[in-house]
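There are 2 protein chains.
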Amino acid sequence: MSTITGHNYIGGQRSAAGTVIIKSIDASTGEQLPYSFHQATVEEVDHAANAAAIAYPAYRSLSAAKRAEFLDAIADELDTLDDDFVALVCRETALPAARIQGERGRTSGQMRLFAKVLRRGDFYGARIDQALPERKPLPRPDLRQYRIGLGPVAVFGASNFPLAFSTAGGDTASALAAGCPVVFKAHSGHMATAELVAGALIRAAEKTGMPAGVFNMIYGGGVGEALVTHPSIQAVGFTGSLKGGRALCDMAAARPQPIPVFAEMSSINPVIVLPQALEARADSVALDLTASVVQGCGQFCTNPGLVIGIRSPQFSAFVQQVARLIGDQPAQTMLNAGTLRSYGQGLQKLLAHPGIEHLAGNAQLGNQAQPQLFKADVNLLIDGDEVLQEEVFGPTTVFVEVADQAQLSAALHGLHGQLTATIIGEPADFEQFGELTALLEQKVGRILLNGYPTGVEVCDSMVHGGPYPATSDARGTSVGTLAIDRFLRPVCFQNFPDALLPDALKDANPLGIARLVNGVSSRDSQ
Amino acid sequence: MSTITGHNYIGGQRSAAGTVIIKSIDASTGEQLPYSFHQATVEEVDHAANAAAIAYPAYRSLSAAKRAEFLDAIADELDTLDDDFVALVCRETALPAARIQGERGRTSGQMRLFAKVLRRGDFYGARIDQALPERKPLPRPDLRQYRIGLGPVAVFGASNFPLAFSTAGGDTASALAAGCPVVFKAHSGHMATAELVAGALIRAAEKTGMPAGVFNMIYGGGVGEALVTHPSIQAVGFTGSLKGGRALCDMAAARPQPIPVFAEMSSINPVIVLPQALEARADSVALDLTASVVQGCGQFCTNPGLVIGIRSPQFSAFVQQVARLIGDQPAQTMLNAGTLRSYGQGLQKLLAHPGIEHLAGNAQLGNQAQPQLFKADVNLLIDGDEVLQEEVFGPTTVFVEVADQAQLSAALHGLHGQLTATIIGEPADFEQFGELTALLEQKVGRILLNGYPTGVEVCDSMVHGGPYPATSDARGTSVGTLAIDRFLRPVCFQNFPDALLPDALKDANPLGIARLVNGVSSRDSQ
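From first to last, the protein sequence lines are chains L and Z.
My numbering puts the first sequence at residues 347 to 872.
My numbering puts the second sequence at residues 347 to 872.
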C-alpha cells in the first residue's frame, strides 16, 4: 500500500501549503489514525480549479476512445487496491470488508461501463441535417450537432459510499467520461481511503498520458464554498445532506455566472404494502423489509424510511411482526460520530412528536445505532407536517396506516420528491390499485415492484434521482450511464466543410456511431 | 378575426377579475390600439398555475400520438390566422407583413416538427436492461427507463418574435410536446397578437379533446414573480434581457423547491473575418454583413454585434467599406418605445467610452433607430471591460482590430458566452487558423462558417443556446427539437410486469421506437 502523506493532489503534483491539519478517525473506536491531512488553503483551491481549467481544452479534445482507455486504466488500478486497502477503508467507515470488496468491484465496474458508453458513442447525441440548397423560400444550410463536456466539475464525495460515491465514484466517472476534469473534495470521514483512490486515479492518468490536472483532490472543511464559487468550475456533483446540498445550490445560483448543481440529498423512499401481498406472504415481506431497513446500518440514500399499508387485521399483525424483528436486530456502528449524532437527533424528533408512536427498539445510547420502529398518524402526511418528510439517516423506519385506497392516494400526494417508491403487491393488488404507478411517477425517480430500494444497479436504465428534495434537479441521475448527460452541452456546426468537423459528425461516420440524420436514426455514412 | 376581449385564459375559461387595464400600442405611431387588457390578479395567476397543475396528470398520460394530434391541430389553426391578423401583428410590432407571414409559417412548422418528434419517439429516451436472474454474486432485476414531462411550465414570450418565440412559440411547443401544460405570460408589446394566437391554441385543444388548463395565458406587468414562485410551476422558459432573465433565475433558485429556468438572454455573436476571405471577396462580405446587422432593425438575438479582423490594409479598407454601407442604411422603427430607449442608451455607452470610436451613422434622434458602426480597442476585450460584452439590441455593430493571430485568440478568450460565433474565411484561412473551432466551441452554442448568424433554422441539429450569459443553462436550446429535453426527466421501473409498463417500455415495443436494450440500440420487440 502506498504511503499516505495527507497532501492535496493539484495539477499532477502534491501540495501541502496549509497549516491546518485534520486527522482521520477509526470509526469503530473513535481513535485518531496515524495520518495527517493538510486542509487546502484558499490558494490551493484556486490552484486546483485552475489546474482543471488548464487541463480542460486538452482533455476534452481527446478522442472518446482515448478517454475510455483512461477510465479502463482507472478501473484496473482500483482492482489492484488490496486487502490492506480494504482494511483501512473498514477502519475509517466501520463498514464490513465484504461490503468494501463489493463496492470496490462496483466502482471499477462503473468506470468500465462509462468506458463502454464512450465507445458506444450515443453520449455524443450526434445529429445531422444536411443542406437543402434548393429549398424555397430559403435554402437550408448544413447543420450538425454533438455534445461536449461543460468544463471542470467539482465533486463532493458521500460519507456512506467511500468508493462508489466518492473519489472515483459515479460523479467523477461520469464527469471524466464527459470530457470534464474533476476537482474532488475528499469527505472528512474517509480521507486516507480518498488518498489511496486518488493515487490510483493519478497512476492511471499518467499511464494513459492524460494532461496533468485532469483529476485533482483537496482536503478540508470549509473549502467547498471557495470551490463552488471558483470561476473555472462549471458544474457540481454532490451526494449528502439536504442542508449541505441546498447550500451548494444556493452558492452556485448566486455566482456571477450561475452553474448547474446535481445534488442528491434527501429521500425517505416510501414502501407501500398492499393487502393481497400481506395475505399471501406477510412473513417474508416482514423479513425482507426489516433486512432492507437495517442493511448497512440503514446508511443508504434509498433506505426505506416510510412503510404505508391499509388498515386491516393483517396489516396490524404485520406491523407487530416487523416490530418484533426490529427489536431483535443488533446495534451497529455508524460511519462516524457525526452520523450517529444526527441519527440520535432524528430519533428524538420522532419520539417527541405527539402524532408518532414508538413501536420497537432499545433506547439510543452508547456509540452504536439501535434499530428503531415508529408508527405515525397518516394526517402528518396529508397535512404536510415536515417531521415525516425529513430523512432520518440510519436503521429506522416509520409505519403509516391509511383507512382506505382514497386515503392512500391522499397520503402519497402529500409526499415530497423521492429517489424511490416501492410497491409490494400481488397481481390482484396491481389491478385494484392501478392508479399508483402514475401517481408515484410524479413523485420519484424509480418505482420498484416487489423488491427493496437498497441496492442500486449501475446500468443504462437506472435512475438515481428524483424531484426535490431527493435531488436538486429531477432531470439528472447520479447512478447509471445517463449520469453523463449532466455534464454535457450541445454545440452546433453550420456550413462546416467535412474536414473541419469533429469525427462524430463527419460524413463518413468514422466512429461508426448512431446518429439522427435528416430525422432518421442511422449508422451509415452520408 | 375573433373579437379581442383582453381577458386572461385560465383553465379553458376567460377571466378578467382585475381592474388594472393595459393598452396595446401601435408601434409605428405610438398611439393606443382599441383593445383593453386586464392585468391578471395574484389570484388569477394562482388559478392559472393551478389549472395547469390539474391538467398535468391527464395531459401527460395521453399517448404521444394524441399529443402530436394536438400540436398538428395548433399548427392548422395558426395557418388559418389571416391577413387581418398579420396586419394587427404589424401594427403592434412595426415588423413588415412579409416577416410576419414567414414567422407564422415558421411557428406552425415548429409545432408540426414537434409532432414529428412525438411520433418518432426518441424523446422518450427508452432504455431497457433485462433481468439477469443467474448473475453472480447478485442477480440483476429488470430495469427500464423513459422520460416524462416535469409538470406545468411558465413561458415568457419575447418582444422580438411575436409568433415564433411567443404564445405558440418554441418554448410552448416543446413544453406541450413534453407533456407539460403551459402558463404563458403575454408580452406587453403584442398582447392583441397573443390573444389571437391563444385563441388558436384553445380551439385546437378543444378540437382534439385536451384537458382544460393545458394552455393558459395571463396579461400584465409584475405577474412574473407570482408565476415563477408558484409551487405548481415546475420549469420556466424565457427569452429576453439579461436583467429580466437573471431575475427569474434568482427567483426560481430561491424557491423552497428550486426549479430549472432556461433563459435565453444576451449575446453579441462575434463574426471573425479572416485575411484570405477579405482578399477574395471583401465586397460581398461587407454587403452581407451589413445586411445581417440591419436586418429586422437588428432586433435578433443572433444579431452580429462584434466583428473581429486582423490588422492589414485590406481590413482597414473593409472597415471603411462597411462604414459607408452602414451610413447609407435607412432608419427603421423598433418594436416599441422601450426598445428604442434601450438602443439609445446602449449607443450612449459606446459613444461615451474613451476606447471606442464612432465610425458611421446619423445621430440617434426621433422615433426610429439609426444604424451605427463603432470601432473598439481590442484591449477592452482582453482586459474584460464590460462595455463590449453587453448586447446593444438594435442595428449596430462594433469592429475590433487585432494585431495578429495570437491577439485574436486572446480577444476571443476574453468573450463571455454567446449564442453564436461566425468565421468568414477561405480554405487557406481555415488551415492557418485551425485553433479557432476548438476555442469557439468553448464559448458558444453554434459556430457558423461563411454564413450569418441571423436566421435560425428550426431542425433537429439546431442549438440556440450557449454558455452564460447567452443562456442560463448551456445544456439547453430554445430552438430545434432538442428543446424538448429541457422539460423532461427520467423515470425508472424496476421489476415491473409487462402489462404495467408504459407502452414505450413494453417488451413488444408497440410504439416501434428505437430503444437502448441491454446496451444496444434496437427497434425490435424483446
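If you're looking for bench data, these hints aren't it; they were derived computationally from the structure.
This one's a predicted model, so the numbers in the text were calculated from it and none came from an experiment.
The reader is advised that the hints may include incorrect statements.
Said to hold, decoys possible - Partial pick of chain L residues on the chain Z-facing surface, computed with a CB cut under 7 Å:
hint, residue
1, Ile702
2, Leu705
3, Lys789
4, Leu794
5, Val804
6, Asp806
Think of the CB as a built atom: it goes at the ideal place given N, C-alpha and C, for glycine as much as any other residue.
Tested hints:
no.: 1; hint: Ile702; result: violated (23 Å)
no.: 2; hint: Leu705; result: violated (28 Å)
no.: 3; hint: Lys789; result: violated (10 Å)
no.: 4; hint: Leu794; result: holds (4 Å)
no.: 5; hint: Val804; result: violated (10 Å)
no.: 6; hint: Asp806; result: holds (5 Å)
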